[in-house]
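Asks: Listed below, chain by chain, are the residues.
There are 4 protein chains.
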Amino acid sequence: MCNHTSETDALIHSTDPNHPANLICELCKLFYNNGWVTGTGGGISIREGDKIYLAPSGVQKERMKPENMFVMDNETQEYLRTPEVFKPSACTPLFLSAYKLRDAGACIHTHSQAAVMCTLLFDKVFRIANIEQIKAIPKVTEPGYLGFFDTLEIPIIENTAREEDLTDSLQEAIRQYPGTTAVLVRRHGIYVWGESVWKAKIYNEAIDYLLDIAVKMKQFGLDPAGEIGSEKKIQQLN
Amino acid sequence: MCNHTSETDALIHSTDPNHPANLICELCKLFYNNGWVTGTGGGISIREGDKIYLAPSGVQKERMKPENMFVMDNETQEYLRTPEVFKPSACTPLFLSAYKLRDAGACIHTHSQAAVMCTLLFDKVFRIANIEQIKAIPKVTEPGYLGFFDTLEIPIIENTAREEDLTDSLQEAIRQYPGTTAVLVRRHGIYVWGESVWKAKIYNEAIDYLLDIAVKMKQFGLDPAGEIGSEKKIQQLN
Amino acid sequence: MCNHTSETDALIHSTDPNHPANLICELCKLFYNNGWVTGTGGGISIREGDKIYLAPSGVQKERMKPENMFVMDNETQEYLRTPEVFKPSACTPLFLSAYKLRDAGACIHTHSQAAVMCTLLFDKVFRIANIEQIKAIPKVTEPGYLGFFDTLEIPIIENTAREEDLTDSLQEAIRQYPGTTAVLVRRHGIYVWGESVWKAKIYNEAIDYLLDIAVKMKQFGLDPAGEIGSEKKIQQLN
Amino acid sequence: MCNHTSETDALIHSTDPNHPANLICELCKLFYNNGWVTGTGGGISIREGDKIYLAPSGVQKERMKPENMFVMDNETQEYLRTPEVFKPSACTPLFLSAYKLRDAGACIHTHSQAAVMCTLLFDKVFRIANIEQIKAIPKVTEPGYLGFFDTLEIPIIENTAREEDLTDSLQEAIRQYPGTTAVLVRRHGIYVWGESVWKAKIYNEAIDYLLDIAVKMKQFGLDPAGEIGSEKKIQQLN
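Residue numbers (the working numbering), protein chains in the order written: chain E, 690 to 927; chain U, 690 to 927; chain H, 690 to 927; chain X, 690 to 927.
Keep in mind the hints are simulated off the structure, nothing from the lab.
C-beta atoms are modelled at their ideal positions from N, C-alpha and C, and glycine is treated no differently.
One should not assume that every hint holds.
Claimed, not checked - Pulled from the structure, derived: some chain U residues nowhere near chain E, Cβ distances all over 10 Å:
1. H702
2. L790
3. L809
4. F811
5. A850
6. D857
7. S858
8. V874
9. R875
10. V904
Stated by the list, open to error - A partial selection of chain E residues facing chain U, derived with a Cβ cut-off under 7 Å:
11. Y768
12. N819
13. E821
Could you put the whole structure together from the sequences, leaning on the hints where they help?
Replies: Structure follows, in structure tokens:
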């Protein structure tokens with residue numbers, strides 16, 4: 690069933706650096722350098738119109754090439770292009786959930802250590818409040834972004850042995866938290882999506898910043914979701 | 690009121706890498722790589738003669754281009770050039786405060802995690818003393834720089850829901866601390882300015898170094914503003 | 690006994706970036722930038738068919754050139770090429786052990802600080818469980834990879850004054866842990882190998898990620914090998 | 690007394706990347722990226738034969754150009770070349786001490802945060818033992834390098850208001866510790882020298898690695914100079 694022909698290759702070859710097949714390669718390299726994807730973990734998928742672009746399983750994320758990409762039809766969920774050698778990523782049904790339930794334009798999955806640490810330090814939900822960077826996170830259920838005084842909540846789901854088996858609980862978390870643009874997976878990492886690839890990237894950067902500073906706050910005994918002024922107690926101890 | 694013409698484009702196109710429109714792009718990329726601006730947060734503005742160059746709101750700082758810049762007249766505070774699509778940054782009135790009250794040549798705003806952590810670990814004022822890097826910070830009220838035995842003080846103001854609403858308290862902090870070249874904003878970040886873009890960059894680097902080492906000192910129970918020898922107590926515990 | 694001739698130079702000169710002599714240089718530069726090899730410490734060796742490529746002793750890893758490489762025959766263990774000036778690395782017998790006992794295609798040695806810290810925080814064996822990144826580690830004794838619920842075990846051997854004297858205990862550890870693809874050396878670093886250079890690199894990245902997050906877990910009092918749910922106790926303390 | 694002529698410019702212009710004036714620029718950029726020099730702090734000097742090359746005071750280390758260099762005669766200590774605009778670095782007498790007392794080929798000065806933290810966590814001398822990376826440090830008083838079981842000792846001197854006033858105590862420390870290739874300055878940073886620029890760089894990297902891991906050991910209550918096995922006590926606590 691290999692449909693790797695010159696016709697299907699036209700789907701992933703473009704001189705436009707903003708073509709999804711090129712962007713996936715560029716951004717995976719960036720995420721590798723940030724430490725978010727390493728040792729083949731993590732990935733990114735982009736949907737443009739009726740086509741979904743997906744990186745394959747088990748490849749070094751910083752060394753991908755456009756010809757490694759899978760292309761899928763968004764309606765039929767059939768592969769329009771299958772690269773030689775490679776297998777589809779186990780993340781595929783999770784990425785598809787973000788497209789189906791949220792009409793996302795891109796979905797990023799990382800094994801960010803800040804994300805994993807927060808799934809160990811928080812129980813069912815990651816919460817942070819009153820930090821300026823929160824203002825980069827969208828409200829989702831209505832236009833606009835969270836405010837400084839809002840509390841960002843990201844649900845944490847339990848990990849499963851096989852990545853594809855996360856699909857049900859990820860979808861349930863998405864339905865239960867209609868305002869979330871991300872789901873954390875305990876002892877695993879995070880899924881972040883957005884209306885476009887650039888929105889997804891910006892949300893992922895802002896969320897990772899918040900996860901990272903939450904770990905630092907915990908190290909000092911500060912509550913990341915604490916109200917303004919709750920830090921005074923810690924200041925007196927130091 | 691879009692004044693985006695070939696005439697106004699001449700304000701931001703230059704082959705000189707030191708032209709403000711080029712420098713803003715170069716430095717924002719550097720600040721992104723340093724982790725100081727991420728997910729569209731933070732920014733930089735440069736004033737050269739009677740013109741002020743400003744990056745737009747909500748853009749990825751590492752991907753800016755000269756044609757994205759706003760240019761404003763320093764006297765009239767009217768826009769000489771407005772880029773297509775983009776909106777002015779909410780930091781604009783804060784940058785203008787540094788130009789008006791301090792005759793600054795550039796102003797940098799970051800969401801540096803070291804800055805945010807210090808606003809949680811210090812009350813009204815960040816204080817550090819007896820660290821060599823302090824000697825990179827200017828006295829401001831007179832020529833020259835702080836000495837090794839001096840205490841660097843940076844006021845911390847409370848954050849507001851809308852960034853532009855910080856203007857009054859930022860201006861008050863600038864007046865109350867005539868020797869400061871920076872203002873910290875609680876749970877938000879820092880504003881640093883200088884006589885020129887390079888001075889502002891150097892001050893920002895030196896201050897960020899000091900904020901960062903202050904967090905590390907706090908982790909060991911060391912007082913960043915403690916007198917020389919105060920570390921002996923901690924050495925005995927370890 | 691210098692066999693540095695134009696004939697032997699053909700062994701290390703290639704325009705193919707995937708030639709072992711080129712890859713060693715490229716990867717050592719990457720490892721230097723990652724902080725895994727510094728001040729001439731660490732290294733990498735690649736075996737391709739019947740030839741083993743080895744970086745010399747005491748060189749700056751980020752500045753190596755293909756002409757610095759030793760080439761050895763895998764059967765006879767005689768040098769096919771000896772570079773001018775340089776001496777063979779003291780790691781050589783350790784790399785050869787991975788080739789001999791495990792038929793490895795490449796072996797990486799780093800002084801990663803996460804590795805050294807874990808040899809101080811763990812006794813005879815490093816153990817981590819229930820972290821997604823474990824799934825990048827091979828089972829070795831059978832095809833396939835560890836599962837999420839598996840415990841990764843990496844033996845820790847004691848360091849010796851001379852690196853070559855590690856050979857016996859490294860070989861013993863390899864025999865005692867038939868499923869391991871790495872050996873930690875107390876107060877020294879780690880050896881990681883794989884079926885090919887890319888496999889070795891991926892394993893090394895995944896293991897370093899796990900060593901690094903294990904240190905962070907220890908900082909919060911979390912047991913890296915603790916069962917799922919063991920983190921709840923810590924969540925209640927914070 | 691400006692001797693900036695085409696004749697003296699020949700001292701600093703070369704197409705050889707290993708010419709001292711080029712190397713100083715390249716290495717300062719590297720040190721900036723490593724976080725060792727920031728906000729104009731730190732620097733490096735190289736001696737080649739009878740000429741000493743020195744970076745100027747107060748410049749951004751990552752943006753230096755060969756034409757910014759001072760060149761001094763090693764015998765007479767007179768400037769052979771003085772760049773326009775710039776002033777000599779206050780580090781100059783300290784660099785000269787390493788040349789005079791140790792016949793060094795290069796001297797590096799950084800404000801490394803690991804170095805500053807160690808001057809706060811250790812009293813008169815920084816001590817670390819039984820860590821493999823120590824083997825990169827030279828014995829100095831005799832040929833060869835420290836062994837794994839040796840203790841590296843680096844004296845810590847007190848800082849002074851003016852950098853040039855460190856000269857006497859730095860020289861005293863060099864005389865008192867004939868085996869040292871570095872001196873730490875409390876609340877300031879470190880001076881490291883070597884027989885050549887590459888040796889100095891390697892020693893600096895290895896020492897910074899050791900200072901950095903010593904801070905991490907202290908965070909866990911581990912004694913960096915503790916004997917092998919002293920870590921067992923901490924393992925039982927965790």
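Asks: Taking the hints in turn, state whether each one holds.
Replies: Structure-based check of all given hints:
The beta carbon of H702/U sits about 21 Å from the closest Cβ of chain E, which is more than 10 Å, so the claim that it is off the interface holds. The Cβ of L790/U lies farther than 10 Å from every Cβ of chain E, with a closest approach of about 23 Å, so its non-interface assignment holds. With a cut of 10 Å on Cβ distances, L809/U falls inside the contact zone with chain E, its closest approach being about 4 Å. At roughly 7 Å, the least C-beta separation between F811/U and chain E is not larger than 10 Å, which violates its mark as non-interface.
With a least CB separation of 5 Å from chain E, A850/U falls inside the 10 Å interface cut-off, contrary to its annotation. With a cut of 10 Å on Cβ distances, D857/U stays outside the contact zone with chain E, its closest approach being about 17 Å. Chain E leaves S858/U outside its interface by the beta-carbon criterion, the shortest separation being 14 Å against a cut-off of 10 Å. For V874/U, the requirement that its beta carbon stay farther than 10 Å from each beta carbon of chain E is not met, with the minimum near 7 Å.
Under the 10 Å C-beta cut-off, the non-interface status given to R875/U relative to chain E is violated; the minimum distance is some 8 Å. Its beta-carbon lying about 8 Å from the closest one in chain E, V904/U breaks the requirement of being farther than 10 Å from that chain. Proximity of Y768/E to chain U is violated relative to the hint, the smallest CB-CB distance being about 31 Å (cut-off 7 Å). Given hint, N819/E at the interface with chain U, holds; its Cβ is 5 Å from that chain's nearest Cβ, closer than 7 Å.
Proximity of E821/E to chain U holds as hinted, the smallest CB-CB distance being about 4 Å (cut-off 7 Å).
In terms of the numbered hints stated before, the structure departs from hints 3, 4, 5, 8, 9, 10 and 11, listed from lowest to highest.
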